[in-house]
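Chains C and G supply the protein sequences, listed in that same order. Quick note: the first sequence uses this note's numbering, first residue -11, plus one each step. Quick note: the second sequence uses this note's numbering, first residue 5, plus one each step.
Treat the hints as calculated values from the structure; they're not laboratory data. Check each hint, because a few of them may be wrong.
[Stated by the list, open to error] Rough simulated footprint, nothing fancy, chain G against chain C, three-plus residues with beta-carbon under 8 Å:
| id | segment |
| --- | --- |
| 1 | 4 to 11 |
| 2 | 42 to 52 |
| 3 | 65 to 71 |
| 4 | 77 to 89 |
| 5 | 101 to 109 |
| 6 | 234 to 240 |
| 7 | 245 to 254 |
The beta-carbon is built from N, C-alpha and C at its ideal position, and this holds for glycine as well.
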Amino acid sequence: MTAAALPSAPPRSRRRWKQPSILPGFPLAMGWTLTWLGLIVVLPLTALILRPWELGVGGVWATLTEPRVLAALRLSFGAAALAALTNLPLGLLVAWTLTRYEFPGRRIVDAIVDLPFALPTAVAGIALTALYAPTGPLGAPLAAAGIQVAYTPVGIYLALMFIGLPFVVRTVQPVLQDLDREVEEAAQTLGATHLQRFALVILPAVLPALISGFSLAFARAVGEYGSVIFIAGNMPLKSEIAPLLIVIKLEQYDYAGAAAVGLAMLVISFGALLAVNGLQLLLARRGRA
Amino acid sequence: MNPAVRLPGFAPLMLLGALAVLGLLIVLPLGVVFQQALSQGLGRYLEPLTHPDSLAAIRLTLLVAAISVPLNAVFGVAAAWAIARFEFRGKSLLVTFIDLPFSMSPVVSGLVWVLLFGAQGWFGPWLMEHNVKIIFATSGLVLATVLVTLPFVARELIPLMQDQGADEEAAALTLGAGGWTTFRRVTLPNIRWALLYGVLLCNARAMGEFGAVSVVSGSIRGQTTTLPLHVEVLYNDYEFVGAFAAASVLAGLGLVTLVLKSFLEWRHSGELSASRRH
C-alpha cells in the first residue's frame, strides 16, 4: 500500500504507461478486459483479416469482382445510404415533435421510437414482408398502383429505414433539447420567416448530429441481415444483399471467399465512416472560422 | 412559452406527420405480428407454441442468454473499472475495440467463428480429432451471441463511472475499506441501475439475435435452433401461423424490454449515463 501514501497525483511522467492511483484492482480489471477482448474480438477478427489471402491477391480480386459479389455490395451499400438519407428528414421531424410539443401520450410515442432496437430482426423481417407482400394489407393497394415493394430492392430499402430511424432520432433529439430558444426568438424578432429560422438557425445547429445519425444508421444498415432477407426476394444480381452472399459462400464451404466478402464490407464501411467523420471535422472547422 | 403559439398552423401538421411516420414504419409491423399470429383463433395460436420443437427452441434461447449475458456483464464491469478509474495510454484504442462489434455485420460476427472452428477452420481439424463440436452446437451459438452483445454493458457503465469520478471510492479506501469491500459497498450501489439497464439491452439482443447465430447454428431442428431461428424455419415451411406465433413471443419480449427500459429512464434517470436521461 505504498501508493496510498501519495493521495495527490504525482507529476505526469511522459515515460509511464499508466499513471499511479490509490485505487486497487487495475491488474485484475485490465487483465480480464484484455483477455476477453483478445478471445472474443481480436482472435476472430484476425481470422477474418488473414483467411481471404489463402486465395492469393489475385484470387481475392477475382472473388470481389464476380458480378454477383459486385452487385450485392453495390446493393447493400446503396440501399443503406439511401435509407439513412431518407431517415434524416423523417428522424428530424420525429425528434422535433418529441422535443418541442407537449401532447398526451408523448412518453409512449418517445418509447416507441426505440422499438426497432428492441424487436428481434427476424420478427421485423417477417412482419414487413406480410405487410408489403402483393397480397398484404399495404402491398395490395401498392401493387394495384403498380409499385411492388416486397421481393424487390424497394423492400430492402424499407426494412433498412425501419431499423435506421431510431439512430437518427436519438442523436438529433438531445441537440434539439439543448438548443437555445433565445437564438430562435432573436431571429424571429429580427423578422426571420419560419423557413429562414429553420434553414439559418436550427439546421446548422443540428447538422453535426444529423451526420452522426446518418453514419450510425448507415453502418447498421450495411450489415443488416434478419430484417432484410425475408422481404428481399434474394434474386442473384437483383435483390441479393452482401451478408446473404457470405452465408451462401459458407454453405459452399468457400471459407476464404466468404471471408473476402466480409473483409471487403468491413473495409468499405470503415472508409465510408472515415469520410463522414472527415465531413464533420470540416463542418466543425468552418463553424469556428 | 407555448411553442404551438409560436408556430401557428404548423404544430398539428408536424405532430400528425411524426405520428404517421412512426405508425406506418414502426407500429404497423408490430401489430401485424399479433394479427397474423391470432388470425386463426387462439387454439391455432397456442398449438405451435407447445410443439416440442418450439419448446426446445425457447429452452435453447434461454440457455444461450443465461450464459452470454453474465459473461458480458462481468466483462462490462471489469472494462469500466479499468477505463473509468485509471489513466493509461491507449485508452481510446481500447474503447474502439470494445465498440467494434456494434459496427460489424451480424453475419460477419458468426462467420469469424466458422473461420476459426468450422470444418475447414484454423482449429477445425484439432477439434475434430478431439471430438469437440463448436460450430453447429450450443457453444458456437454462445460464442456468436457473446461477440454480438459484448459492448452493451460496458457502454452503459463507462460514461456513468467517468461522470461519477473516483472520490467516493478513494474516501472508502482512505477510511480503511479493502478493495472488494469498496467495490461491493460503494461502486456497485452507485452503478446498479446502469448495470441493470445494460444487462436488459444485452439480454434483449442475446435472445433476439438472428444473423450471427444463423451462421453457426446449422438450424438442426430441436437441437440448434434458437427461437428467432425457429421463426425462420417455420416461415420457410409456409407454417405462417406458427412462425408468427413464435415471433409474437419475441415481440412480447421486445415490448417488455421497452417498458422496463422506459421505466429505468424515467425512475432512475439520475443514475444512468447522461445520454439515457430523458
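*asked:* At least three residues with a C-beta closer than 8 Å to a C-beta of chain G: is that true for the segment 42 to 52 of chain C?
replied: violated (count 0)
_Coverage of the segment 245 to 254 of chain C by chain G, judged on three or more residues with CB within 8 Å_ = Since three or more residues must qualify, the claim that chain G covers the segment 245 to 254 of chain C holds, with 5 doing so at under 8 Å.
*Within 8 Å of chain G (C-beta), three or more residues of the segment 101 to 109 of chain C*: holds (count 9)
*According to a criterion of three or more residues whose C-beta lies within less than 8 Å of a C-beta of chain G, is the segment 4 to 11 of chain C covered?*
holds (count 6)
*Please count how many residues of the segment 65 to 71 of chain C have a CB within 8 Å of a CB from chain G and say whether that reaches 3.*
Violated, because only 0 residues of the segment 65 to 71 of chain C bring their Cβ atoms closer than 8 Å to Cβ atoms of chain G.
*asked:* Three residues or more, CB to CB closer than 8 Å: is that satisfied between the segment 77 to 89 of chain C and chain G?
replied: holds (count 8)
*asked:* When I compare C-beta atoms, does the segment 234 to 240 of chain C have three or more residues closer than 8 Å to chain G?
replied: holds (count 3)
The structure is inconsistent with the numbered hints 2, 3, although it conforms to all the rest.
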